[in-house]
Amino acid sequence: MNIFVLNCGSSSVKYKLYDMENELVLAEGRVERVGQDNAVITHQSTGKEKVSKTMPILEHTTAIQESLNLLTHPEHGVLKSVEEIDAVGHRVVHGGESFSDSVLINERTKEILDSLAGLAPLHNPANVTGIRAAEKIMPNVPQVAVFDTAFHSTIPPHAYLYAIPYKVYQRHKVRRYGFHGTSHKYVSQRAAELMGRNIEDVKIISCHLGNGASIAAVDGGKSVDTSMGFTPLEGLMMGTRSGDIDPGAVFYIMKEEDLSLQQIDSMLNKHSGLYGIAGVSDMRDIEREIANDDKLATLAFAMYEYRIRKYVGSYVAAMNGVDAIVFTAGIGENTPSLRTALCANLSYLGIEIDEEKNKIRGEDVEISTPDSKVKVFVIPTDEELVIARDTAKIV
Amino acid sequence: MDIRKIAVLGAGRLGRGIAECAASKGYEVVLFSQGAGGQDALRRIEKSLDRKLAKWGITESEKRLVLGRISYTLDLKELSKADLLIEATVDHFYTKQELLRTADHLCRPEVVFISTTSTLKVSELARRINRTGQLVGLHFIPPVPEVPVAELVRGTHTDENAVEVAKQFATRLGKEIVEIQESPGLVNPRSLAVLINEAAYMIDEGVCDAQQAELIIKESWGMTQGPLEMADRLGLDLVLNWMEQLQEEFGPRYAPCPLIRRYVRQRRLGVKTRQGFLAYTEDDALVTKDEGEQED
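Chains A and B are the protein sequences, given in the same order.
Each residue of the first sequence is one higher than the one before, starting from 1 at the first, in the working numbering.
Each residue of the second sequence is one higher than the one before, starting from 1001 at the first, in the working numbering.
Since the hints were derived computationally from the structure, they do not count as laboratory data.
The reader is advised that the hints may include incorrect statements.
Once the Cα atoms are required to be at most 25 Å apart in a straight line, the calculated DSS-like pairs of lysine-lysine come out as [what the hints assert, rightly or not]:
hint: 1; chain 1: B; residue 1: 1005; chain 2: B; residue 2: 1081
hint: 2; chain 1: A; residue 1: 255; chain 2: B; residue 2: 1005
hint: 3; chain 1: A; residue 1: 270; chain 2: B; residue 2: 1055
hint: 4; chain 1: A; residue 1: 270; chain 2: B; residue 2: 1063
hint: 5; chain 1: B; residue 1: 1167; chain 2: A; residue 2: 53
hint: 6; chain 1: A; residue 1: 136; chain 2: A; residue 2: 53
A few chain B residues that don't get close to chain A, going by computed Cβ distances all over 12 Å [stated by the list, open to error]:
hint: 7; residue: 1004
hint: 8; residue: 1092
hint: 9; residue: 1106
hint: 10; residue: 1146
hint: 11; residue: 1168
hint: 12; residue: 1173
hint: 13; residue: 1272
Not everything, but these chain A residues come out facing chain B in the computed CB check (under 10 Å) [claimed, not checked]:
hint: 14; residue: 9
hint: 15; residue: 11
hint: 16; residue: 36
hint: 17; residue: 37
hint: 18; residue: 58
hint: 19; residue: 59
hint: 20; residue: 61
hint: 21; residue: 66
hint: 22; residue: 240
hint: 23; residue: 258
hint: 24; residue: 259
hint: 25; residue: 260
Idealized CB from N, CA, C, for every residue including glycine.
With the hints as extra help, turn the sequences into a complete structure.
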């Protein structure tokens, strides 16, 4: 079964084609600058040369059509025709309370997705545009929506509700939804496999640390809490996002700096986090500046590690224990110094890491010592594979 | 037709605001101006973006992206490449008419024209061009990037497709469109003119000074800018021009207060001369009461 996985952003389309017999990636690519004359499409079929071209791609339908042209290209492609695609799996950021699992897309699904646009205005409309574009090109191929929020639908009300008037939740569905669900799901399942244990029997804390970052408490394979909330702004300190902040401070800043809602929103989402403290948002730059003895970079790193540590501690309490901690995504996978600093501060849990293993990159690796009471893993995430698996399961 | 490149005729406050707002929404903008200060337009747009950056409203890369999408030219032949034309010049009938006729010859026939006029009739302007049905009145209210509403009027012969194009454009700029009947002064300038005029009379009569009038009106009605700052930012010469046209149309109730005439004669025109009803710094910021002059 061939599954075509699509991740449509407002000006980009990423895709992967899987053969689900062996879960093999047959091809992958991305289209960037959709909507412009100089859009760039990059494509690589497994075992073949990477190709890239610049051309006008004004909307998502053309972007998807161009990617399918490359998939069926006699030289660069892997398919004889588009008809060899059995199903399409779409990444959809927000499923609200309507979708607690992946679903087959029909007219009703699209109506509900349209109604959820306000919950993720930057992402959901682009995801739905991608769904409509794919349907137009492949009208007879089943389409499945896989939601970033779905994995967190098992979080209980006492953890997902904010302590604000209940009516606000009833009227506007303001609550914790959580994000990065497909990633947390993948790495927690993989960690259980690596431990040789049934996922239903283990408590895992999954740390997805990319430019956006979140932590999830996964008990028995189910998410029971996560750091991102109603929006991806809550929780950990991130590249340019503040993470947790006293709401009272927000009101005070708005008043003192005479800021509008748009300006404070932009400040907290785009000018804060590592960037806000150290002036750079990339962890590699932070590490470089620390090596140059930059005080603010050192402070930013310490704040970043401390926030993660606090969440790990609180999720140990939330689950009444932990069997494994997993690191994934850009920073989680590629910053051994962060893992070292964090784990050194978690010695009360009996965590010990093997510094040699901690340096290994690009593969699933257990970095804790055999004596460590809590296993620690680095597992490169694979959200597209989760989407492909869910799609195959549904169709 | 897919609209990507828009031409803005006029690099005054309105034209610059439309250019900045459109570029921030992804349009490629060509700004045309033959008037004084046109050359300065890009620098003033950059200044406006710098103010947003200082308030964390945008990032440095967003600022560069927006500026990269705006170009300035004196060459009207460039109009042939535009997908949409927006006329944002001062409300002088013959000037606008000549400009629209020139643009009519240079733009592709399917291109829709938008006029931002607030005191002239779209039907009258449309009569002088070949694309009579493709001229729509769309009054953006300055500061354009911030004000979330725009007034739309159609002329007698404006066709539905042109209205739809204008609505789609304004919606993408984040504006709520309110369609009203064609009438000089529309809703915003007509009601603002009365407010400015009445405040000017109170100052002239010695009821209060400009700062007092501004404070009471602004704070009691929850405005982000009071009418006197609005007038200064528009330019008192423009405000006077509005009032004279409204007086011509509706009679003496729009007769400009003598104080406004006096200020215009003294070239005390508002932000652009650093002094109008209120005083302004080199960076166009309002001088606070302690710093400013206290006359009137």
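Now the hints, each set against the structure:
no.	hint	result
1	1005/B to 1081/B	7 Å, holds
2	255/A to 1005/B	39 Å, violated
3	270/A to 1055/B	12 Å, holds
4	270/A to 1063/B	13 Å, holds
5	1167/B to 53/A	35 Å, violated
6	136/A to 53/A	24 Å, holds
7	1004	8 Å, violated
8	1092	35 Å, holds
9	1106	22 Å, holds
10	1146	8 Å, violated
11	1168	14 Å, holds
12	1173	14 Å, holds
13	1272	24 Å, holds
14	9	14 Å, violated
15	11	9 Å, holds
16	36	8 Å, holds
17	37	8 Å, holds
18	58	6 Å, holds
19	59	8 Å, holds
20	61	13 Å, violated
21	66	17 Å, violated
22	240	8 Å, holds
23	258	8 Å, holds
24	259	6 Å, holds
25	260	7 Å, holds
Comparing the model with each numbered hint stated earlier shows that hints 2, 5, 7, 10, 14, 20 and 21 do not hold.
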